[in-house]
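Colleague: Using the hints, position chain B against chain A.
2 protein chains.
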Amino acid sequence: MLSLQGEARFNRRAVKVAEAQRRVLEAVQPLPPETAALWRCGGRYLAQSCEATVDWPPFARAGMDGYAVHAADTAQATAEQPAVLRVTGTVAAGQVYAGTVQPGTAVRIMTGAAVPAGADAVVMLEQTAEAAEPGAQAVLVKAPAVPGQNVAPRGEEFRCGAVIARPGTRLGPGHIAHLGTFGYAEVQVHRRPRVAIFATGTELLPVGAPLAPGRIRDSNSAMIAALVESCGGEAIPLGHIADDPAAVSLALEAALDEADAVITTGGVSVGDYDVMAVIMRNLRGAAATRAGAEDPEGAAHDLLGAVVREGAQLELPGQGAVPRGAGHGLLFDKVAMRPGSPTSAAMVNGKPLWALSGNPGACHVGFELFVRPALRRMQGSSSPLHRTVNARLGAAVRKGSPHDRYVRAVLGERDGLWTAELLAFNKSSMMASLPEANALVRIPAGPEGAEAGAEVTALLLGPLHE
Amino acid sequence: MLSLQGEARFNRRAVKVAEAQRRVLEAVQPLPPETAALWRCGGRYLAQSCEATVDWPPFARAGMDGYAVHAADTAQATAEQPAVLRVTGTVAAGQVYAGTVQPGTAVRIMTGAAVPAGADAVVMLEQTAEAAEPGAQAVLVKAPAVPGQNVAPRGEEFRCGAVIARPGTRLGPGHIAHLGTFGYAEVQVHRRPRVAIFATGTELLPVGAPLAPGRIRDSNSAMIAALVESCGGEAIPLGHIADDPAAVSLALEAALDEADAVITTGGVSVGDYDVMAVIMRNLRGAAATRAGAEDPEGAAHDLLGAVVREGAQLELPGQGAVPRGAGHGLLFDKVAMRPGSPTSAAMVNGKPLWALSGNPGACHVGFELFVRPALRRMQGSSSPLHRTVNARLGAAVRKGSPHDRYVRAVLGERDGLWTAELLAFNKSSMMASLPEANALVRIPAGPEGAEAGAEVTALLLGPLHE
Numbered sequence: 001m002l003s004l005q006g007e008a009r010f011n012r013r014a015v016k017v018a019e020a021q022r023r024v025l026e027a028v029q030p031l032p033p034e035t036a037a038l039w040r041c042g043g044r045y046l047a048q049s050c051e052a053t054v055d056w057p058p059f060a061r062a063g064m065d066g067y068a069v070h071a072a073d074t075a076q077a078t079a080e081q082p083a084v085l086r087v088t089g090t091v092a093a094g095q096v097y098a099g100t101v102q103p104g105t106a107v108r109i110m111t112g113a114a115v116p117a118g119a120d121a122v123v124m125l126e127q128t129a130e131a132a133e134p135g136a137q138a139v140l141v142k143a144p145a146v147p148g149q150n151v152a153p154r155g156e157e158f159r160c161g162a163v164i165a166r167p168g169t170r171l172g173p174g175h176i177a178h179l180g181t182f183g184y185a186e187v188q189v190h191r192r193p194r195v196a197i198f199a200t201g202t203e204l205l206p207v208g209a210p211l212a213p214g215r216i217r218d219s220n221s222a223m224i225a226a227l228v229e230s231c232g233g234e235a236i237p238l239g240h241i242a243d244d245p246a247a248v249s250l251a252l253e254a255a256l257d258e259a260d261a262v263i264t265t266g267g268v269s270v271g272d273y274d275v276m277a278v279i280m281r282n283l284r285g286a287a288a289t290r291a292g293a294e295d296p297e298g299a300a301h302d303l304l305g306a307v308v309r310e311g312a313q314l315e316l317p318g319q320g321a322v323p324r325g326a327g328h329g330l331l332f333d334k335v336a337m338r339p340g341s342p343t344s345a346a347m348v349n350g351k352p353l354w355a356l357s358g359n360p361g362a363c364h365v366g367f368e369l370f371v372r373p374a375l376r377r378m379q380g381s382s383s384p385l386h387r388t389v390n391a392r393l394g395a396a397v398r399k400g401s402p403h404d405r406y407v408r409a410v411l412g413e414r415d416g417l418w419t420a421e422l423l424a425f426n427k428s429s430m431m432a433s434l435p436e437a438n439a440l441v442r443i444p445a446g447p448e449g450a451e452a453g454a455e456v457t458a459l460l461l462g463p464l465h466e
Numbered sequence: 001m002l003s004l005q006g007e008a009r010f011n012r013r014a015v016k017v018a019e020a021q022r023r024v025l026e027a028v029q030p031l032p033p034e035t036a037a038l039w040r041c042g043g044r045y046l047a048q049s050c051e052a053t054v055d056w057p058p059f060a061r062a063g064m065d066g067y068a069v070h071a072a073d074t075a076q077a078t079a080e081q082p083a084v085l086r087v088t089g090t091v092a093a094g095q096v097y098a099g100t101v102q103p104g105t106a107v108r109i110m111t112g113a114a115v116p117a118g119a120d121a122v123v124m125l126e127q128t129a130e131a132a133e134p135g136a137q138a139v140l141v142k143a144p145a146v147p148g149q150n151v152a153p154r155g156e157e158f159r160c161g162a163v164i165a166r167p168g169t170r171l172g173p174g175h176i177a178h179l180g181t182f183g184y185a186e187v188q189v190h191r192r193p194r195v196a197i198f199a200t201g202t203e204l205l206p207v208g209a210p211l212a213p214g215r216i217r218d219s220n221s222a223m224i225a226a227l228v229e230s231c232g233g234e235a236i237p238l239g240h241i242a243d244d245p246a247a248v249s250l251a252l253e254a255a256l257d258e259a260d261a262v263i264t265t266g267g268v269s270v271g272d273y274d275v276m277a278v279i280m281r282n283l284r285g286a287a288a289t290r291a292g293a294e295d296p297e298g299a300a301h302d303l304l305g306a307v308v309r310e311g312a313q314l315e316l317p318g319q320g321a322v323p324r325g326a327g328h329g330l331l332f333d334k335v336a337m338r339p340g341s342p343t344s345a346a347m348v349n350g351k352p353l354w355a356l357s358g359n360p361g362a363c364h365v366g367f368e369l370f371v372r373p374a375l376r377r378m379q380g381s382s383s384p385l386h387r388t389v390n391a392r393l394g395a396a397v398r399k400g401s402p403h404d405r406y407v408r409a410v411l412g413e414r415d416g417l418w419t420a421e422l423l424a425f426n427k428s429s430m431m432a433s434l435p436e437a438n439a440l441v442r443i444p445a446g447p448e449g450a451e452a453g454a455e456v457t458a459l460l461l462g463p464l465h466e
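These protein sequence lines are chains A and B, in that order. Numbered by full-length UniProt numbering, the letters in the first sequence go through residues 1 to 466 in order. Numbered by full-length UniProt numbering, the letters in the second sequence go through residues 1 to 466 in order.
Honestly, I wouldn't trust all of these hints.
Identical chains blur together in the list; that is why a pair holds if it fits in one copy or across any two.
Here are the simulated BS3-like pairs of lysine-lysine, each with C-alpha atoms no more than 30 Å apart in a straight line [unchecked claim]:
(1) K142 to K16
(2) K334 to K399
(3) K16 to K399
(4) K399 to K142
(5) K142 to K334
It should be emphasised that the hints constitute simulated quantities derived from the structure, not laboratory data. Bear in mind that the values here come from a model prediction, so they are computed numbers and not experimental data.
If we strip away everything but chain A, and leave its shape as in the complex, we get (with noise of 0.2 Å):
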């Protein structure tokens, strides 16, 4: 039988939180393009470059209800001597006017329209009255106009073969206006990771059971299929499963086969029946391995069941070597940085599993520094990485730390300035404020904290808009 114990556990090497990053996000590639409808690509990335297709406008546009004229015959245009004009026709949007305004005469044009030849403004109907001329309709046009009023010149938004959205833009509502503008009716998006997630430790217990003694229900699995669906992801829950490392072992090849990337949650510490350690540490072997692999399938196979036969404990040559676009071997197991320094990454086949902390404050921040950007990327994302803003500290931070700290917080305004009230400092396994966090404030390692007012770097988490 396998023994979970021993020294071997201890001797991880801590990298910093940007190397980890910079790990995951070599490692893991954009999934496939696939053809989605428009209308339903709110919030995927692009997988082609997109253009304008024609000028826009296509041609001079009304972009009010009026008349179209010759601006210089309304120079002296009062309400009390207004200009009178004769009316020769009328174009809706959608028509095309035949003729040419001539000097004296006005068009009726509507919202949209083509404004016709010869006119070089549009007087607003408000602006204008109707008046019947002998023998011809007439309209008063009670304001001088301007030339160029009211009208949107040809190529005056875009310049045909303009790029309108890259490779990698996250759409949104106002990507799709463009998009459907230039005719695009289906774009290449890439395709959504689908994301396999279990939960290890004898302890849990489903949702939906009675607690027992000594047990807790397995609330990590629920939240993180929510984070992942939260960036695009399609979550798989597996519920839980027993410290036993053959049962996990098995869970694991299942889920990978299944999915494009593999979470679990818990049993990645030094415990005794850490199991998820366990399994990370036997892949530090893989990446030198892997060269020699002829069936990458079955090279996933033994070095997941290695843990259970072998228990081999392979040094992974040179950490921070693993070359772009691996496919197999441990990415890190242990991240220099409060809450989450077992956090672990690894390739197997080609497919991203992350070990998680089991305390869910832990496994928050673990999602959010490694997996959200990676789901990003997997996604086509050109900028994966959160967005950062420096912000003031509403409090003192007392407590120094040997590893920067990243703490759930608070974002808002105040006096115009951008805030952070951080949230559960001291208790990282504290789960009583994860729903108010919008941020995470990172506390650089050192011996004093930091003071209140304070500028501090805070990753944008989640929305701040509602």
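Modeller: Structure of chain B alone, referenced to chain A:
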């Protein structure tokens, strides 16, 4: 035949933005609750109150892998002079240790396990070493522990019965973690609104069609669909319809049958073919007739049908008097703002109908100000309006306006300040900057505009976080 023209089209009375929002929010009601699996509830609005069903943690819980001890036994411990404690057993997460920890002894314990009776601290594994005493396993403790160290006492985070989420809360991953912890495998959330969308305009072509002279593609429908989905609605894009009152009226009736709400775009201004303006005008009188209507279905049919049959133009008695929950009648058909002043809204048999501008920029503003809050409210949101912040204007606005302006902007951070860079201030029709906008900045009415650095109110629109 119905004439869409005539002076009545100018007889609209503008209401202020806040008043228009109030009318919409008072008219719409939350949709009925439905049961949803917890892990699928991200972004949904809670239709029940949820309480902690147990103290949390439910037992004194080890926060580290290590040993449960009497802290007093380790008071003098150092690396050179460790305390030696006899190990009487092991407790893994999920197990309960049957005995009591006696002075001079320790129990090996894993993160998340219940701390055995007697023990008052947990020493982390890294501060211990194994030692063999004659006849009994022992542990060396190399640093003093203080009482409570690495132990989360029962009830530290939540007391049984405490409210963890209230009705109207938008559920994020953090809420889902809480709900899972307390056994809510399913929760009651409000149904998502099904929102039918169509564009009116003879000039419109399907997005997939080649352009023709004077014609443009219907890009607004796809943009609105993406906006609807971005606030939790289910979009039902129904395409576009020519400016024909009978066709539009029939399409509206069909849409209202199928959906919980309808959004149209275009035909809402004062042009000769602005069919939505006429339909809305006919709804002006509806609130007055509602009390006497015995058959609401029939009444709706009549009121929309009347557009075709009679062109009835009734006045809404006492604008602003639409009672809360009013099921039928115009809410407003002009708003004192730019762009989008012709934006209109009505209730038809208890369902909201918005007639947005056909101008993409004005359509976008109308959606954000009057549709998004209502769709949130239909999902039960307890805070449906946009969050606002005070921000500094990046550049001066030289142009005054008789009405408040809502200008697309990029909200960001510079030197710790919230800053707003306006986009497309002078051209409300411009859609070129739609994708970049993450806020709407309110420029108050006045002759002057605003100075660079002036404090303005910004409505947060979209994801600031990526």
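Colleague: Are the hints correct? Go through all of them and say.
Modeller: Hints, verified against the model:
1. K142 to K16: between (71 Å within a copy, 28 Å between copies)
2. K334 to K399: within (22 Å within a copy, 57 Å between copies)
3. K16 to K399: Only inside one copy: K16 and K399 sit 20 Å apart there, 51 Å across copies, limit 30 Å.
4. K399 to K142: Between copies only: 22 Å across, 73 Å inside.
5. K142 to K334: between (76 Å within a copy, 23 Å between copies)
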